[in-house]
Amino acid sequence: MSATLLDKKEISENIFLMTFSRSDKSLIYPGQFLSILHSSKEKILRRPFSIFSCSEDKVSVLVKRIGGGTTAITQMQAGESADILCPLGKPFEEKIDFTRTLFIAGGIGIAGINSFIRETKQIKMIFGDREGEFGKVIDFLGIECIYASESGLNKRKGRVTDFIGEFDFDTVVACGPKQMLRGVKERINGKRYFAVCEEIMACGVGLCNGCMVKYDDNTFRKVCTDGPVLDGNRIVYD
Amino acid sequence: MIKTHIRIGKTILKKPILGASGCSGWGNELLRFNDFSKIGGFVTKSITLNEKKGNEMPRIMETYGGLLNSIGLENRGVDYFIKNILPEIKDMECVKFLNLAFFEKSELEKMIAMLDSREGFDGYEINISCPNVAHGGISFNSSAADATSLLSGVRKMTEKTLLLKLSPAFEDSFEIGRIAEDMGFDGITFTNTYIGTAVDVKSRSFVFKNKQAGLSGPAIKPLSLMNVHKMRKKISIPIIAAGGVRTADDVLEYMILGASAVQVGTQLLVRPSVLEELCVELEERMKDLKIEDINELIGSIKE
Ligand SMILES: Cc1cc2nc3c(=O)[nH]c(=O)nc-3n(C[C@H](O)[C@H](O)[C@H](O)COP(=O)(O)OP(=O)(O)OC[C@H]3O[C@@H](n4cnc5c(N)ncnc54)[C@H](O)[C@@H]3O)c2cc1C
Ligand SMILES: Cc1cc2nc3c(=O)[nH]c(=O)nc-3n(C[C@H](O)[C@H](O)[C@H](O)COP(=O)(O)O)c2cc1C
Ligand code: FES
Chain A
1 MSATLLDKKE ISENIFLMTF SRSDKSLIYP GQFLSILHSS KEKILRRPFS
51 IFSCSEDKVS VLVKRIGGGT TAITQMQAGE SADILCPLGK PFEEKIDFTR
101 TLFIAGGIGI AGINSFIRET KQIKMIFGDR EGEFGKVIDF LGIECIYASE
151 SGLNKRKGRV TDFIGEFDFD TVVACGPKQM LRGVKERING KRYFAVCEEI
201 MACGVGLCNG CMVKYDDNTF RKVCTDGPVL DGNRIVYD
Chain B
1001 MIKTHIRIGK TILKKPILGA SGCSGWGNEL LRFNDFSKIG GFVTKSITLN
1051 EKKGNEMPRI METYGGLLNS IGLENRGVDY FIKNILPEIK DMECVKFLNL
1101 AFFEKSELEK MIAMLDSREG FDGYEINISC PNVAHGGISF NSSAADATSL
1151 LSGVRKMTEK TLLLKLSPAF EDSFEIGRIA EDMGFDGITF TNTYIGTAVD
1201 VKSRSFVFKN KQAGLSGPAI KPLSLMNVHK MRKKISIPII AAGGVRTADD
1251 VLEYMILGAS AVQVGTQLLV RPSVLEELCV ELEERMKDLK IEDINELIGS
1301 IKE
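From first to last, the protein sequence lines are chains A and B.
Going by this note's numbering, 233 is the number at position 233 of the first sequence; the sequence numbering is gapless.
Residues are numbered in this note's numbering as their position in the second sequence, beginning at 1, plus a constant of 1000.
For the record, the hints were derived by calculation from the structure and aren't laboratory data.
The beta-carbon is built from N, C-alpha and C at its ideal position, and this holds for glycine as well.
One should not assume that every hint holds.
What the hints assert, rightly or not - Restricting the straight-line Cα-Cα distance to at most 30 Å, the calculated cross-link-like pairs of lysine-lysine (DSSO-like) are:
#1 A:K41 to B:K1053
#2 B:K1083 to A:K178
#3 A:K191 to A:K9
#4 A:K64 to B:K1083
#5 A:K64 to B:K1209
#6 A:K43 to B:K1053
#7 A:K214 to B:K1053
#8 B:K1290 to A:K90
#9 A:K90 to B:K1202
#10 B:K1083 to A:K41
#11 A:K178 to B:K1053
#12 A:K214 to B:K1038
#13 B:K1290 to B:K1038
#14 A:K25 to B:K1083
#15 B:K1202 to A:K178
Claimed, not checked - Cβ-Cβ distance ranges computed for the label pairs, FRET-style:
#16 A:F98 to B:R1032: 47 to 57 Å
#17 B:R1155 to A:S55: 56 to 66 Å
#18 B:S1106 to A:N189: 22 to 32 Å
#19 A:L153 to B:Y1080: 52 to 62 Å
#20 A:D7 to B:R1032: 52 to 62 Å
#21 B:E1119 to A:K121: 52 to 62 Å
#22 B:K1233 to A:E10: 41 to 51 Å
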């Protein structure tokens, strides 16, 4: 799909909110993602990003600049056209009871969580990063949450998993690095757990079997088409 | 009227462009992005007799201009294919080849025996060139003698179009191509991926659990062009070229060197709509170059 970059905001150092036009008419569900073709000559694959927010004619992603692809993407200027596949990933259609659900996000995983909490900001949430570098992002979102940082600078010192005990809940939705997703599984005693997963993807549309995660019965799931929202209790995190 | 039909065995391809095995899924994922009445066709993911789990992660790594993969033939086995996948692909409007992989000759024979009376596909691409499994498979490709005993008798088992997919990693591939022609194979798919690897410098270990992986994408195109040229000198049955095809001119280059059709692998992962786009682009390019029948192009290289 051909789209136009409408707006780019640098929310915090190296973190950009990028809004594109969209022409497809599909409904977009929480946890779904899109993929952008970038102009970096070094790498050829599209780059996948969670759909941070969307409306009928726009879609936004929160992009953290970490390498060649994300550098090329975040250097785009408003008005430039982009080649985007959207939406990708299996629609997440489970009912979420916000009073009984704990949301956990690590770092840029906040982008994957944001699509679940479009309806309300009255939620139970723990956010974590290394040294408070996502402060401006969390302020921008206006979410009340426990903000844990490993250095403790101006935040509560620790990892997200250290604060799970402060909440009463029966469902968890989490997005972040694999070690965090594993840590969450170890602390929630089998409560319902939706993990929003990331794996290195080649196609993002189910063609290549490159993006698998393993379940406890030794079967694989494709993150791009069976997920990205998968059963966090069944994933083998290694 | 521009003619883009080509014939391979009993199969007529409306366009000389196919989705390559392992990059086309089971076809249904491609349907969202391509009008199948406008494309040549596709080759399925590899099918094995029994379910195969596939390799551990990571399975994919980008390299400069290319892609290393270590997928490992993951599939649910031929029974599952017949019950659950064949019914879904059988009415698709394009040409479909089933890629068959195996570890022993008897497995190949069993698969063909189970499949051959069924309809809904055009033929087989026998795969002895997957670099991502430890035993069987590619070892047949490393020796013309082994390949001969493996492939003898296969032609008698089916009247459908029969292709053999070969690896560029072995000099014997050229001899095996010639033997397959003598045996009555209808075409040779060339090339599969090149064998490569990558090292993680921090841990001083191989990136892939299998150590080696298959290199594909734009980076391999000049190598595969040369290999197709060499193969053309050895055999006269159709060659279906693969290796880094992205544009209509890539298709033309391969055909001028003697390929009858091409397969698109890696670029399909980048642009899942590329099959339909390339078919349109190819006709435009033929108009530009005043080529009326694609067949006049095949092997027209001036030496
Ligand atoms: C479903 C999904 C949703 C995602 N959502 C977002 C999002 O909303 N915002 C965002 O900023 N990023 C997101 N990502 C991650 C993003 O796709 C990668 O950061 C990006 O592809 C890196 O590209 P690059 O060329 O800049 O980095 P590269 O040069 O390719 O890589 C730089 C480093 O990052 C590592 N890396 C690359 N890709 C990934 C990945 N997918 N996961 C973990 N490590 C990786 C590499 O191994 C390397 O060490 C998501 C990934 C997936 C699969
Ligand atoms: C992710 C991936 C998976 C592949 N899986 C298979 C496979 O299962 N069987 C096979 O015969 N070839 C497989 N191939 C090889 C391709 O079919 C093709 O021969 C090769 O990639 C060269 O073409 P390309 O440069 O256009 O990708 C695979 C390639 C890739 C990139
Ligand atoms: S990335 Fe290709 S199947 Fe998921």
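Evaluated hints:
no.	hint	in the structure
1	A:K41 to B:K1053	34 Å, violated
2	B:K1083 to A:K178	36 Å, violated
3	A:K191 to A:K9	37 Å, violated
4	A:K64 to B:K1083	44 Å, violated
5	A:K64 to B:K1209	29 Å, holds
6	A:K43 to B:K1053	28 Å, holds
7	A:K214 to B:K1053	10 Å, holds
8	B:K1290 to A:K90	46 Å, violated
9	A:K90 to B:K1202	35 Å, violated
10	B:K1083 to A:K41	43 Å, violated
11	A:K178 to B:K1053	22 Å, holds
12	A:K214 to B:K1038	37 Å, violated
13	B:K1290 to B:K1038	21 Å, holds
14	A:K25 to B:K1083	34 Å, violated
15	B:K1202 to A:K178	19 Å, holds
16	A:F98 to B:R1032: 47 to 57 Å	33 Å, violated
17	B:R1155 to A:S55: 56 to 66 Å	59 Å, holds
18	B:S1106 to A:N189: 22 to 32 Å	49 Å, violated
19	A:L153 to B:Y1080: 52 to 62 Å	54 Å, holds
20	A:D7 to B:R1032: 52 to 62 Å	28 Å, violated
21	B:E1119 to A:K121: 52 to 62 Å	57 Å, holds
22	B:K1233 to A:E10: 41 to 51 Å	58 Å, violated
The structure is inconsistent with the numbered hints 1, 2, 3, 4, 8, 9, 10, 12, 14, 16, 18, 20 and 22, although it conforms to all the rest.
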